[in-house]
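Undergrad: The residues making up each chain are set out below.
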Amino acid sequence: MSHSFHFLDDIATADLAFDAFGDSLQELFHGATCAVIEAMADPSTVGSTWHKPVERTEEDPAELLFDWLSDLVYWKDADGVVFSTFELTVTRGDDGSWHLKGELCGESVNGSVQVLRNDVKGITKHMYHVSQEGRRWHARVVVDV
Amino acid sequence: MACAGGGGRMKLNTNMQVNRITDEVWEIPVSEKSGMLVPARIYATPTILQSMDAGVFEQVTNVACLPGIRRYALCMPDGHWGYGFPIGGVAAFDVQSGIISPGGVGYDVNCGMRLIRTDLSLDEVQPQLERLMTELFRRVPAGVGASGFMRLDRASFKDVMTNGARWCIDRGLGWHRDLDAIEERGCIAKADPSKVSDQAISRGINQLGTLGSGNHYLEVQVVSSERVFDEETAAAWGITGHDQIVVMVHCGSRGFGHQVASDYLKVFEKAMRRYGISVKDQQLACAPFASVEGQDYFAAMNCAANTAFANRQVITHQIREAFSTVFDRSAEDMGMELVYDVAHNIAKVERYPEGELVVHRKGSTRALGPGSPDLSQQYRATGQPVICGGSMETGSYLLAGTAGAVRDTFASTMHGSGRTMSRAQAKKAIRGEQVQKQMKQRGILVKAVSMSGLAEEAGFAYKDISEVVESVDRAGITKTVAELRPIGNIKG
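Heads up: the sequence lines are chains A and B, in that order. For the first sequence, the numbering used here begins at 1 and goes up steadily by one. For the second sequence, the numbering used here begins at 1 and goes up steadily by one.
Hints listed in this document are in silico derivations from the structure and should not be mistaken for laboratory results. The beta carbon of each residue, even a glycine, is placed where N, CA and C say it ideally should be. It is possible that some hints are incorrect.
Estimated spans, in silico, between C-beta atoms of each pair [to be verified]: (1) A/E133 <-> B/S97: 30 to 36 Å; (2) A/D79 <-> B/S194: 20 to 26 Å; (3) B/T134 <-> A/E87: 53 to 59 Å; (4) A/Q132 <-> B/R474: 48 to 54 Å; (5) A/T89 <-> B/E350: 50 to 56 Å; (6) B/S197 <-> A/E59: 17 to 23 Å; (7) B/R351 <-> A/H99: 28 to 34 Å.
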C-alpha cells in the first residue's frame, strides 16, 4: 500500500494544484490530505496538542474527498490551527456509500516555531476529478490560496 | 496558436478568431464557440494580448454563453485564468432573465484595495521605516490562521455583516468622513445574515482586521512629483507628490467570503438542474438572479462584502495607530485620510441603458466617471479613484474612472498587474530569503510571515503593470493619475 502527491507547475497560475495517487481509495485520501497539510505549513514543525475527530459519508468518493479536504480548511480557520498528523479510514457500506472516519491532529498557529506556508482559502472544483485505473487511484485538486 | 483579424497576425494562446476593434480592444465573435450569446471583448495592448494565457480566451467565451448576459463578456488587460470566470472578467446580466454566479464574483468576496494618504514625506519616514514596518507587522496580523485583536460574539459579527464599515466607525475604529471615501459608503444594502451558514460564521468571526496571505499585502509607498501624471485630480484626492508617503491595503473577506462562495456553489449545482441551466465549466455554477437561490446568494454575498469593508476599516485603524506610535503624532495631525476604498470581486445591481443589470466584477474595479450620482460629492468632479496594485517589487497605480468606462465596460476597469507565472514555478525560480534581500538592496523593506509565500509573489511572476495601465488609459476606460512606489511591504 502506498500513496504520493506532487504539486503541479503549470496549472492554476494564481493558486496551487496537485496530483495525488494511492493504491486504494484510502491511500489516495492519505496522499491528498498530506498535500493540503503541506500546503499550509511544514508538518514536521507542528505539534499535536489539538485533535478533531471527523466522520463523513457520501455516495460519491470524489465528493467525500472534496468534503474531507474542505474540513481541513474549515478547522484551520475556525480553530486557528495547522496540522501535523492525521489518521483516516475509508470504507464502503452495504448501501454502496463511502464512509470516512478520521482524526486531525495539530496545534494553534504559532509562526515563531512553525514553518507556515499558504493560508489555504478553499478546495475548488476547477479541474477536480478522482479516477481509478486498475488498482491505482488518482485525484487532481486545485487549492485556492 | 492564432490569428487576429484586422490587426495583422499575432501569436496568441488561442485558436479562436480574435478581431481588432481598436489597438486596445479585441473581439471574439459569437461564431467562435457554440452557445455564445454575445461577443467577448478583451481590453489589452497587442503586447499584453499576446501574453495572455489560453484560459482567458476559453473562459471569457464560456461566460458569453451564460443566460441573460448583455452586450459583451469582457476581460481587462490584467486578465488571467481563474475559477469559471477569468480574473479580470466583467459580465452584466439582466435582473429578470439573467443569472448570478459565485464564479463571477470570486471566492474572496469584496477583495479590494484601500489607499490612505499622509502629510509625511520620505525624508521623515525613512529613518523610522524599520520601526514602522515592525509596528505595522505587529498590529495587522497576516498569514495562515491569523486572528485579529477583536473578539466578537455571533450577534456582533452579524451586525458587521449588515453594517460593514459603519459598524467600525460607530465603535471608534475610524472617522465618520472615512465612509464618504468607500464604495457604497462601506455598507451594501440587502445583506441578510440568515442566508449565511454557521460554518462561514465560524471561519470568519476571528478574522476581522487580518490581511490573509497569497497576494494580499499592506504596503507603505511613496509618490514622487515626477510620477504624478494628473496633478489636478491627484490634488483633489490629497495626493501632492513631493515624495509623499501613502499606505495601500489589499485584502478581502478572508475565509468567511470563501465559505459563502463554497456553500452556494453547492446550492447552485443542484439548482441548475432544476432550472435547466447548463454551463461550460462546473465553476460557472449559477442560478437565475430572480430565483430564491439567486437572491439568497446575493444576500449572503453582500454580508461577505460588508465584512470585507469592515476588515479594511479595522486594518486602517491599526495603521493609523501604528503611525501615531512611531511618529508620536495623531493620525489626524499627519493627514491620514482615506483616498478611496474599492472592491474588485463583487456583483452589484446597477442601472445602464439596457435597464437594471447584475454586474459581476471579478478582478475588476468599478470606475465611475465624473458626475456620477453614485459618487460622494468629493469625487463628482474627478471621477472615482481606482486603486491598482502591482507586484510588491514594481509599484502600483492610482487611476480615475471615466465616462468611457460607463459607456463601454459597465463602468469597469483593471485591478492589478496579473500573474504570468504560477506560484509553484516562482518558488522554483527563487527563495523567499533571496527576494527579501534583493528588495532590501532596492530600498524596499519586507516583513513576511511565510518565506515560501514571499517567493511566490516575486515581481517576475507578474505582468508589467505599466503596460496594463497603458492599455486601459489608451482605451479610455480610466485615466492615469499617479504611480506609487513601494518602500515597505507586509505579506502573509
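Undergrad: Verify the CB-CB distance for B/S197 and A/E59 against the hinted window 17 to 23 Å.
TA: holds, 22 Å
Undergrad: Just to be sure I understand the hint, the distance between the Cβ atoms of A/D79 and B/S194 should be within 20 to 26 Å; is that true here?
TA: For B/S194 against A/D79, whose Cβ atoms are near 25 Å apart, the range 20 to 26 Å holds.
Undergrad: Cβ-Cβ distance between B/T134 and A/E87: within 53 to 59 Å?
TA: violated, 41 Å
Undergrad: For A/E133 and B/S97, compare the CB-CB distance with the range 30 to 36 Å and indicate the outcome.
TA: violated, 44 Å
Undergrad: That 50 to 56 Å hint for A/T89 and B/E350 (C-beta), does it hold up?
TA: At 52 Å between Cβs, range holds.
Undergrad: A range of 48 to 54 Å was offered for this pair. Does it hold for the Cβ distance of A/Q132 and B/R474?
TA: Check passed, 52 Å falls within 48 to 54 Å.
Undergrad: Using the beta carbons of B/R351 and A/H99, state whether their distance is inside 28 to 34 Å or not.
TA: Taking Cβ atoms as reference, B/R351 and A/H99 lie about 52 Å apart, which means the hint is violated.
The structure does not agree with the numbered hints 1, 3 and 7 stated previously, though it agrees with the rest.
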